[in-house]
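Each protein sequence line maps, in turn, to chains C and V. Under the UniProt record's numbering, the letters of the first sequence match residues 1 to 495, in that order. Under the UniProt record's numbering, the letters of the second sequence match residues 1 to 495, in that order.
Any given hint could be a false lead.
Given that identical chains are not distinguished, each listed pair holds provided it fits within a single copy or across any two copies.
Unchecked claim - In silico PhoX-like pairs for lysine-lysine, Cα to Cα no more than 25 Å straight-line:
1. 26 - 66
2. 490 - 452
3. 16 - 380
4. 490 - 380
5. 212 - 490
6. 19 - 380
7. 212 - 222
8. 408 - 452
9. 307 - 245
10. 104 - 490
11. 490 - 222
12. 245 - 52
13. 299 - 245
14. 312 - 16
15. 347 - 222
16. 19 - 408
17. 299 - 195
18. 212 - 452
19. 315 - 16
20. 195 - 212
21. 222 - 195
22. 26 - 253
Don't read these hints as lab results, they were simulated from the structure. On a predicted model such as this, the values are computed, not experimentally measured, just so you know.
Number of protein chains: 2
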Amino acid sequence: MLEDTPLEVIDEVLQKSWKAFHQYSKFSIKQRADFMRAIARALQNSSDELIKTAMEETSLPEGRLKGEKARTVFQLNSYADACERGDWLEARIDTAHSDSNPQKPDIRKMLVPLGPVVVFGASNFPFAFSTAGGDTACAFAAGCPVIVKAHPGHAQTSTLVADLIMQAAAECKMPDGIFTHVYGASFGVGEALVKHPLTKAVSFTGSYIGGKQLFDWGNQRKEPIPVFAEMGSINPVFLLPHKLKTSTVDLAKLLVSSVTLGVGQFCTNPGLILGIEGDELQDFISAMGNEIKGIAPSKMLHPGIAKAYAEKRAKALEQENVTVIAEAELPSSDHCGAAIIATVTGKTFLSNELLQQEVFGPYTLVVRCQDITEMTAIAKHLEGQLTCTIMATEMELSEQAEMIEAIKNRCGRMILNGVPTGVEVCLSMQHGGPFPATTDARFTSVGADGIKRFVRPVAYQNWPNHLLPDELKNENPLHIYRTINNELTKEKIGN
Amino acid sequence: MLEDTPLEVIDEVLQKSWKAFHQYSKFSIKQRADFMRAIARALQNSSDELIKTAMEETSLPEGRLKGEKARTVFQLNSYADACERGDWLEARIDTAHSDSNPQKPDIRKMLVPLGPVVVFGASNFPFAFSTAGGDTACAFAAGCPVIVKAHPGHAQTSTLVADLIMQAAAECKMPDGIFTHVYGASFGVGEALVKHPLTKAVSFTGSYIGGKQLFDWGNQRKEPIPVFAEMGSINPVFLLPHKLKTSTVDLAKLLVSSVTLGVGQFCTNPGLILGIEGDELQDFISAMGNEIKGIAPSKMLHPGIAKAYAEKRAKALEQENVTVIAEAELPSSDHCGAAIIATVTGKTFLSNELLQQEVFGPYTLVVRCQDITEMTAIAKHLEGQLTCTIMATEMELSEQAEMIEAIKNRCGRMILNGVPTGVEVCLSMQHGGPFPATTDARFTSVGADGIKRFVRPVAYQNWPNHLLPDELKNENPLHIYRTINNELTKEKIGN
């Protein structure tokens with residue numbers, strides 16, 4: 001067990017990070033991208049020990065971890081490309097008009113880094129949403145130094161990845177303090193990090209309780225700071241009747257595989273399935289039941305998560321009018337999560353708040369709505385979600401415009417005839433949603449737009465060209481897109 | 001006196017606004033822009049009564065108010081243009097790759113409106129930062145309905161402007177509830193508005209106390225919402241020695257005119273001037289003194305502001321080692337703000353927090369720093385600012401890179417050899433800054449980027465082309481810029 005970083009060291013860490021910020025923020029977007037690519041290389045070339053350690057700490061299978069590592073390498077490289085492309089800088093130039101009255105000065109604006117960013121990684125993604133994951137990559141692209149608090153569930157893995165980052169930092173001659181790795185199994189270290197005056201932003205992936213606490217600490221500071229917390233959701237799936245009729249068994253198989261993928265330990269796990277009472281829904285429920293029985297229970301990330309799953313699931317199942325459809329029948333052992341599906345009427349679901357909360361694990365609740373009106377009412381009633389999925393024919397999609405609109409207002413990503421698990425790393429991805437899915441629906445933690453969490457605009461008024469940052473110089477030496485006098489262009493200014 | 005809107009009406013207001021949101025959010029960017037232009041026209045063609053009423057309520061002179069009205073008309077029209085241009089929508093498309101493993105789905109993302117926005121206008125800008133001001137214009141561009149709480153200092157003016165908006169709304173066949181005007185001299189109405197579950201964002205321009213309260217209420221909700229509060233700042237001016245030497249008297253005149261403009265009632269009023277001890281600074285101080293004596297005291301916005309100015313100013317002047325340089329000598333009358341400048345050493349300034357706070361009115365404090373090191377130390381020590389101004393030769397600017405960097409980290413806009421008052425309405429403007437200048441330095445309240453406060457991304461995964469919003473359709477019917485497979489383009493997809 002790695003010991004907590006002593007609280008008196010936190011101040012040293014932030015002082016060093018703050019100093020690094022003043023150097024690193026001036027590094028060009030090319031230098032930042034090169035650093036990110038060096039981390040990607042180090043991770044790609046890492047020894048087998050890394051995967052082995054992660055397997056021991058998280059109980060995740062080798063294939064999954066190798067895939068996640070590859071995803072993390074891709075993420076670092078693709079955000080590096082985005083960093084260098086520079087669209088995210090939002091360079092805006094309005095040139096002077098000396099003939100207007102009053103005279104208009106030359107004003108140029110771009111996004112600059114906020115300062116040291118504290119990252120709290122996720123238990124369920126030891127690579128992609130942890131130490132060298134998306135948050136760290138976005139912060140480095142933005143020009144911010146990073147302090148990672150190792151997740152106690154995989155602190156050894158985190159340490160190995162941190163070493164790789166430090167190796168890349170040395171290779172790229174990064175300033176001392178560009179990256180710091182700290183440990184904290186207790187709340188104290190997290191609190192000290194978030195409340196330190198030199199911390200300028202926080203990102204987090206995990207539970208509602210953890211994320212909301214960090215958000216509150218961030219807002220209660222003398223100088224409040226942005227805390228982006230992704231806190232999961234129940235990711236409802238809406239089954240429309242015609243689609244369900246034409247693909248009853250296929251949909252049941254598809255959804256069971258999504259519910260049970262990775263022992264249900266994804267923040268996009270579909271924990272709620274809404275259908276309309278009738279024969280097709282009964283057939284679908286039976287088909288799901290048949291599928292789920294054959295799913296072998298697997299070890300969950302750590303005993304705490306398995307315990308929480310067992311408790312939350314039991315709590316949900318003991319609610320009035322909740323019926324179990326089927327449960328995995330294969331033998332289970334310690335810390336394993338057995339898949340289970342239950343069902344309830346729309347009326348009961350609407351009246352019982354507990355049923356609307358996330359059960360992290362291979363569990364889903366099939367809600368039998370009376371009709372499309374009740375399904376729409378539930379859509380309107382739902383809390384904020386990362387994703388909503390709609391299984392529908394094109395005809396149904398256009399007929400149910402009101403429900404689709406309600407769904408859109410409740411989530412960050414709408415999937416048609418697919419599954420919410422599997423979060424593509426691309427610019428168009430939105431991994432964020434209205435509270436409580438995240439603390440600020442205006443941002444994402446997947447895709448290069450995630451950089452925007454860690455930057456703010458600064459305008460230069462009446463500045464001499466040669467002293468402007470390269471991004472804003474007349475010559476456009478970085479060849480980036482800029483909005484000049486309201487027109488997006490890569491052109492230079494003047495001759 | 002207009003009576004407070006009864007608290008029981010607030011729920012009706014939000015219900016209506018929420019209903020309007022579902023209709024208005026689907027209006028095209030062209031329809032939104034046309035509505036904004038109709039408001040601009042109604043304001044432009046408004047009767048003399050509007051200016052007369054504003055003069056009575058705010059004591060601002062006719063010329064200033066006519067100029068501010070024209071600025072508001074320009075603002076509405078230019079944000080309408082930006083709305084229609086659609087760059088702000090951040091349309092992103094990643095097309096499907098069926099040959100990759102796993103297959104990549106088609107994902108398309110754009111910004112969508114948050115929902116009803118509550119606007120709290122400013123006392124000092126009855127037009128440009130109030131009822132039909134920048135916040136309202138940005139919210140309408142975003143696709144959000146607006147609820148304005150009339151500023152108690154100019155509630156009649158606000159009512160007249162609200163009537164113009166309603167007139168434009170009728171002309172453009174906007175949904176009922178697109179705009180609502182409420183009254184509230186007490187905290188109760190504001191609190192009910194911010195805490196109502198259907199309120200999805202808040203914007204505010206005014207004092208620290210007011211803005212911070214709204215921010216806290218917004219964060220304490222069951223579903224926290226973004227509250228963008230612009231709370232003013234002291235807008236420091238850094239005088240570098242060579243520049244000061246070559247233009248001593250000109251700089252004194254320029255700064256006195258900026259300090260006393262509009263009786264100092266601007267959030268960009270330069271309330272702090274930093275120079276380096278020496279003959280030039282003494283000459284500058286004397287020249288400022290001569291100038292200030294001749295400034296006629298004018299009526300402030302309302303008696304409360306005049307009283308607060310007198311009290312805060314007295315409090316600052318009674319601090320140890322603060323010396324008055326000069327005060328306006330012309331006769332003053334009720335509710336007038338007499339200009340005054342005082343001076344103090346850098347050491348005293350650094351050790352006394354009270355001197356670092358805003359005195360809203362025609363007041364400025366000249367801080368005599370020992371040397372450039374002390375000036376840099378003060379730059380590093382300052383709270384977040386809307387603006388910082390540097391008076392320097394190009395040589396000094398490049399020599400003092402460390403200080404410039406410190407200044408950049410403390411503000412949203414850096415002005416070289418100009419004055420901070422006069423906030424240009426253009427895309428490159430940043431009117432926002434680190435806390436306590438605003439509650440979120442990542443946003444601006446001036447310029448079309450202000451729209452981004454009120455929108456969030458939504459991704460459509462695997463959606464059929466004809467059911468996508470026009471912004472994301474293959475054909476690009478709106479001819480907007482979009483990022484397709486990581487490339488910014490106006491091209492359509494396919495043939």
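Now for the hints, and whether the structure bears them out:
Taking the shortest Cα distances, residue 26 and residue 66 never come within 25 Å of each other, neither inside one copy (35 Å) nor across copies (44 Å). Taking identical chains as interchangeable, the C-alpha atoms of residue 490 and residue 452 lie at most 25 Å apart whether they share a chain (21 Å) or sit on different chains (23 Å). Taking identical chains as interchangeable, the C-alpha atoms of residue 16 and residue 380 lie at most 25 Å apart only when they sit on different chains, with a minimum of 16 Å there against 48 Å within one chain. For a Cα distance limit of 25 Å, the shortest separation of residue 490 from residue 380 qualifies neither inside one copy, at 44 Å, nor across copies, at 35 Å.
In the homo-oligomer, the alpha carbons of residue 212 and residue 490 never lie at most 25 Å apart, since the shortest distance is 42 Å inside one protomer and 41 Å across protomers. In this homomeric assembly, residue 19 and residue 380 come within 25 Å of each other (Cα to Cα) only across copies, at 12 Å, whereas the closest approach inside a single copy is 48 Å. For the identical chains of this complex, residue 212 and residue 222 are neighbours both inside a copy (18 Å) and across copies (11 Å), given an alpha-carbon limit of 25 Å. Taking the closest pair of Cα atoms, residue 408 and residue 452 come within 25 Å of each other both inside a single copy (22 Å) and across two copies (18 Å).
In this homomeric assembly, residue 307 and residue 245 never come within 25 Å of each other (Cα to Cα): the closest approach is 38 Å inside a single copy and 73 Å across copies. In this assembly of identical chains, the alpha carbons of residue 104 and residue 490 lie at most 25 Å apart only when taken from the same copy (23 Å versus 30 Å across copies). For the identical chains of this complex, residue 490 and residue 222 are neighbours neither inside a copy (41 Å) nor across copies (45 Å), given an alpha-carbon limit of 25 Å. Taking the closest pair of Cα atoms, residue 245 and residue 52 never come within 25 Å of each other, the shortest separation being 45 Å inside a single copy and 68 Å across copies.
Taking identical chains as interchangeable, the C-alpha atoms of residue 299 and residue 245 are never at most 25 Å apart, the minima being 35 Å within one chain and 75 Å between chains. Taking the shortest Cα distances, residue 312 and residue 16 never come within 25 Å of each other, neither inside one copy (42 Å) nor across copies (38 Å). Taking identical chains as interchangeable, the C-alpha atoms of residue 347 and residue 222 lie at most 25 Å apart only when they sit on different chains, with a minimum of 24 Å there against 45 Å within one chain. Taking identical chains as interchangeable, the C-alpha atoms of residue 19 and residue 408 lie at most 25 Å apart only when they sit on different chains, with a minimum of 15 Å there against 43 Å within one chain.
Taking the shortest Cα distances, residue 299 and residue 195 never come within 25 Å of each other, neither inside one copy (36 Å) nor across copies (43 Å). Proximity of residue 212 to residue 452 under the C-alpha cut-off of 25 Å is found in both arrangements, the shortest distances being 21 Å within a copy and 24 Å between copies. When the C-alpha separation of residue 315 and residue 16 is checked against a cutoff of 25 Å, the pair qualifies neither within a copy, at 47 Å, nor between copies, at 38 Å. In the homo-oligomer, the alpha carbons of residue 195 and residue 212 lie at most 25 Å apart both inside one protomer (14 Å) and across protomers (18 Å), since each shortest distance falls under that limit.
Taking CA atoms no more than 25 Å apart as the test, residue 222 paired with residue 195 passes in both settings, with 9 Å inside one copy and 22 Å between copies. Proximity of residue 26 to residue 253 under the C-alpha cut-off of 25 Å is found in neither arrangement, the shortest distances being 52 Å within a copy and 36 Å between copies.
Hint check: violations occur at hints 1, 4, 5, 9, 11, 12, 13, 14, 17, 19, 22; the rest are consistent with the structure.
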